[in-house]
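Protein chains: 2
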Amino acid sequence: MKDLKNSVGIVETKYFDITEKIHLESGVEFGPIRVAYETYGKLNDKKDNAILLLHALTGDAHAAGYNTPEDKKPGWWDDMVGPNKAFDTNKYFVISSNMLGGCSGTTGPCSINPETGKPYGLSFPVITIEDAVKVQKKLVDFLGVKKLIVAGGSMGGMQALEWAIAHPDIVVGTIIIASTSRLTAQGIAFNAVGRNAILSDPDFNNGDYYDKEKQPERGLAIARMVGHITYLCEESMHNKFGRRFQDKDSPNFDFNIDFQVESYLEHQGQVFVDRFDANSYLYITKAVDYFDLAKKHGSLKNAFEKTNSRFLVMSFTSDWLFPTFQSKEIVQALIKAGRDVSFCEIESPCGHDAFLLEFETQTEIVKSFLSKTNGGSDD
Amino acid sequence: MKDLKNSVGIVETKYFDITEKIHLESGVEFGPIRVAYETYGKLNDKKDNAILLLHALTGDAHAAGYNTPEDKKPGWWDDMVGPNKAFDTNKYFVISSNMLGGCSGTTGPCSINPETGKPYGLSFPVITIEDAVKVQKKLVDFLGVKKLIVAGGSMGGMQALEWAIAHPDIVVGTIIIASTSRLTAQGIAFNAVGRNAILSDPDFNNGDYYDKEKQPERGLAIARMVGHITYLCEESMHNKFGRRFQDKDSPNFDFNIDFQVESYLEHQGQVFVDRFDANSYLYITKAVDYFDLAKKHGSLKNAFEKTNSRFLVMSFTSDWLFPTFQSKEIVQALIKAGRDVSFCEIESPCGHDAFLLEFETQTEIVKSFLSKTNGGSDD
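Line by line, the protein sequences are chains A and B. In terms of the working numbering, the first sequence is residues -8 to 370. In terms of the working numbering, the second sequence is residues -8 to 370.
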């Protein structure tokens, strides 16, 4: 029997339907949209104890607990969400939804276009972080939330920033972890390679592969392998794999897997194609590439002057994909904009993935921040 | 008319044939082998003024000058090789050869196997840095060289290290630039992704594609794109491209090229497939992955105790593929082994590519090293 006492327990993924069309940043009017979401804890009477979690590139609505008693793995941030955890479900009403364009229940390129009866594929509109937040706002309104804390790592942090700027009337606290206000040129380059691998896979078939035997698995696996290198760092790879051979002590002298690190990447690629849609990978990486608050608002300071939130910004020493200097840019602009901001660079050898792993330090810092943030008032 | 006064001028690529089989590190006996090479300057009477240049991953024998008066681009290290340059052809006899397994004149997987009359493809034996040096040694002996200085950047530095250890009787000077005694786990990971892209391209056809319309171009281009990200660094990408869009100021909202950095990578991938063979890419990256002097000799100190050379080691501040700490490992082991070593970390924003770009600083340091190294004696 699974021990659920430190868990939110068995949770059901729910669905919320937006029937009207929404105006996307590209100018396209798009809808209807179904949103997959989960909630943990209870909304209080004042409806001011809500926390919205925003997932990273390949995340989903299932942030905590188990969907069935048979599940082997809990949600992606289970270490952070539950009774007495960082996002304490005894106190807060925690919401998590799958992003627009995703492939885990929310409308995305693999969804059926009601006008054609077929999956959208590349006829799905290119979406942005702003669009994703627009959809989330509909969900939050539907749930009756009056005050909101937003929190996310990596791309989730981008969405949290967008939330604070777009909805200062309800966002009172913003937690940005291992994130940035805009990707580096190098970050765009890695995403471009991943997209290129998918687009040039013959099984891609211009995005129209849903009735085929398989999706562009080779391209998607390569995209994931490249991604995984950037989520780790040289130190974590050295500690995990070093130059050790896989199940032997000498080279194969062929092109099969020689080193443990090769085996790891191969495995990551393989399991990823079973759970993620190649088209979604294209759309979501594009949304990440486009995100640029300074460009959109004239400057980062301008952007943050629109907010009405307290901020917590965290980065990790070994994260080279969303490096600390980018978090510091956010912090400096927030200070210039006169906002209340706490910043912490956490010492970690785990690279960018640290936001999913270093939960003890994060818990302490998040709890401290939440205790000082309006929301979840008992009075 | 091309101005050739600071150049070695028009040079011819020559060929040297090794008719007997050589014993490869894998245990395979392999031959015959043709070696493409070029020489610049003249071997002196004492035959002790030779410098062997060792190329990096995708280099060739054509290190300096022009092969024809119509050539638009000189050899890959032309800034460093010529009259009064770092490798001064007025004083030194400079040799450069294409590596075993390459695709620019030296026997490699695209060469015709005389036993079958067809290209080797994957029947070509897996080779190592040791094997490449074995072949180079035959060439150097054929040229009548008695004392030798070896120099190379990146994979060329690995070969130079191997030379110093394997042939202490003739190597009197060793110049190691932006290199390492063993690749990091991260470095292996990037190579593995590149190989994976080639191996999973349907045009790869198990390496047997030479009579087909094209080689596995998509996979090879993706391998090159990944490689290029690692040859630059975030700073150089930021300076070169930033987040600028290509020929416009706003997003496409489609999956065509948006950013300059995407266009650059795409271009690098495309031009690469016209000049390089996918099978060679597999073989040479494998040789790089396998290279590990400490594993082979028990320790780096043990390895270097076999040498009889002076050493110059250079690294670049922004090189994250062959980072400075790896050069320092070499230097520390050389000191422990009681060898004469000079070390310089050069401040550069050019990433790993700096060894091909920062020629002014390198020239000064190399000239100073050469002036103190036995070889090229006039007495």
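Hints in this document: simulated from the structure, not taken from any laboratory. Take these hints with a grain of salt, some might be off.
One copy or two, it doesn't matter: identical chains are merged, so the pair holds either way.
Said to hold, decoys possible - Computed cross-link-like contacts, DSS-like style, restricted to lysine-lysine with a CA-CA straight-line distance of at most 27 Å:
1. Lys292 - Lys12
2. Lys319 - Lys205
3. Lys292 - Lys231
4. Lys287 - Lys358
5. Lys239 - Lys292
6. Lys138 - Lys82
7. Lys292 - Lys37
Here's how the hints hold up against the structure:
1. Lys292 - Lys12: neither (32 Å within a copy, 69 Å between copies)
2. Lys319 - Lys205: Classified as neither; 43 Å inside a copy, 48 Å across copies.
3. Lys292 - Lys231: between (40 Å within a copy, 25 Å between copies)
4. Lys287 - Lys358: Classified as neither: same-chain Cα gap 32 Å, cross-chain 51 Å, threshold 27 Å.
5. Lys239 - Lys292: between (55 Å within a copy, 25 Å between copies)
6. Lys138 - Lys82: within (14 Å within a copy, 78 Å between copies)
7. Lys292 - Lys37: Cα proximity of Lys292 and Lys37: none, with 32 Å in one copy and 70 Å across.
Violated hints, listed in ascending order, are 1, 2, 4 and 7; each of the other numbered hints is respected by the structure.
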